[in-house]
Structures are given as structure tokens and as C-alpha cells.
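Enquirer: Which chain is which? The protein sequence lines are A and B, in order.
Going by the numbering used here, the first sequence opens with residue 102, and the numbers climb by one from there.
Going by the numbering used here, the second sequence opens with residue 14, and the numbers climb by one from there.
Don't read these hints as lab results, they were simulated from the structure.
Check each hint, because a few of them may be wrong.
[Stated by the list, open to error] Label-pair distances were calculated between CB atoms; the ranges are:
hint, chain 1, residue 1, chain 2, residue 2, range
1, A, G201, B, Y88, 43 to 51 Å
2, B, Q76, A, T122, 41 to 49 Å
3, B, K67, A, P169, 37 to 45 Å
4, B, L33, A, A292, 35 to 43 Å
5, B, Q76, A, V167, 31 to 39 Å
[As the list claims (entries may be wrong)] Not everything, but these chain B residues come out facing chain A in the computed CB check (under 7 Å):
hint, residue
6, C27
7, C36
8, V49
9, G54
10, S59
11, A60
12, Y61
13, K67
14, G69
15, E75
16, Q77
17, N80
18, N86
19, R90
A virtual CB, placed ideally from N, CA and C, is assigned to each residue, including glycine.
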Amino acid sequence: MARMKFICDAERCIECNGCVTACKAEHDVPWGVNRRRVVTLNDGVPGEKSVSVACMHCSDAPCMAVCPVDCFYRTDDGVVLHDKDVCIGCGYCSYACPFGAPQFPSNGTFGLRGKMDKCTFCAGGPEANGSTAEFEKYGRNRLSEGKLPACAEVCSTKALLGGDGDVVADIFRNRVLVRGKGSEVWGWGTAYGRPATGAPQPAKPEGKKS
Amino acid sequence: MSPSMRSMTALVLCGAAIALAACGEKTAGAAKKSDVPAWQGSTGASAYMANGWKAGDQTAWEQQLRNRTQGQNEYSRAAAQP
């Protein structure tokens, strides 16, 4: 069973915001809500780094842990979703999330905080796959169409990778080994040191760290 | 039955009716709906369905997504240049 994951390669992200635009357009995300955004560190300074951020569909999601009405659920593919009919818009998930993924549309005369909205990994919600009700609440359900999230598929530099965590980790590992720099960072072995069974082993550049 | 007894019975019945009034009330919180797995396909327009797999076939769907994910790997399309 696949475990769907995103990873963004900060060495490749050029801050084009193509992922943000694709997400907005694909799901008709309302004004003021950003399911995905690009964060730039040291903006304007030579060597600045950008990274595309959205819900990371955590394996042990803090939003799920703190929700007082238990509106979250995890699909068999590891995608963290929620039921907007149960959500009360309290905002606890927003405080718990380390990525700022939960978003709250302002609607009504007094800017009333609406129900929580977040990245669905293009997997919709609990309504029937591909139905109008699902689209209106959660946006398109690309996974049920045999596609990957729009943000990852549209990324021009392939900085943003999305899909089965094992495959994505293999792609990223190969990339960094070919690049010859980056695999020396702390935690590399734990996160990317074990290729999935049957995955092609990248050639290790000579004289460089792995 | 004496008038005082009658009024007492009426009072008890009224009290019971008030006390049990909430018993027929439905639970306030909505129940979380169950989701259908993505491999079962979409009920939307078939024009949007990706080729290469059949709705309802879990193995085909997983293979389709693996292939699609591997499509993000340019090293599988061109030989890596160290």
C-alpha cells in the first residue's frame, strides 16, 4: 500500500509559484485561502532558498490529535483528510500544525471564520469520488482519476515531488547522489539511506560523500 | 381521587414529561462519513480519467500511480551525467 508524500527540493525550487497557481486553479480555492505556498528563506540575498509548503500528510498528524470533534481521517494511502460537515472551525488544528497547513476562509458580514480548508493531496473528501458535492467542498479528486497532485505534476523543475513515499524517496536520493552534495547532512541515512526493494541503485560519484 | 391527590399526580406527570423531554433528542454532533478508496475510481466525467488502469482494480491503480510518480524522475528518462 502506498504512503503518499510530498517532498520539495530546495536546491531546485525557483519560486515560480506554479504549484500555488495550479492548486488554486484545480480546486477553485477561494480568495484568502492558500492550500500551498512558497516560502523563501533569506529572500533577496544571494543563495536564497525556496521551498513549497502545504499539508505534509503526517504519519502521526497533530491536527488529528487535537481536533475536538474528530473530523480528520487518514485514507489507506496515508492521505490526511477531513470532513467539513463535522468541522466546527475552531482553529485548534491550525495551532497544532507545524506547517501552517489549515486555512480558514473568511465569510459573512463580520468576516466569520469558516470551516477549515487544507491540501487534500488532490484526494477530495468523504463525498463520492468526483461528485459535485465533493468538488464544491474539497476540490478535484485527481487520485481517483489515476493522477498525482496537480502541484507536483505541474512543477517545471521537478523540485516538488509527490506520490508514493518510497518512489519519491528513491528519486530524491538518486538526485542528491548524482549532485554529490547534500547527503552528508544529519539524518540523511535515516530518511533516504535505504532504497526500496528493487529500486535502481544510483552510481556513486567518485571521491564524493554519500 | 381527592383533589389534592389529583393535582399531585398531574404535577408528577408534568415533571416526568419535562425530565424525559431530552431523551428523544438526536445527537448534536454530525457523524464522520466514511470515504471510498481512490482506486475505486471517480464518478465524474470519464474524459478526466487517466489511461492505463481500470477503476476498481487496486493493483492497476497502484501501478499507475507508481508509474506516474516515476515520471517525475528525469534520470529515468535520460542517463545521469556525473
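Enquirer: Report the numbers of all earlier hints that the structure fails to satisfy, in ascending order.
Expert: Numbers 1, 2, 4, 6, 7, 10, 11, 13, 14, 17 and 19, in rising order.
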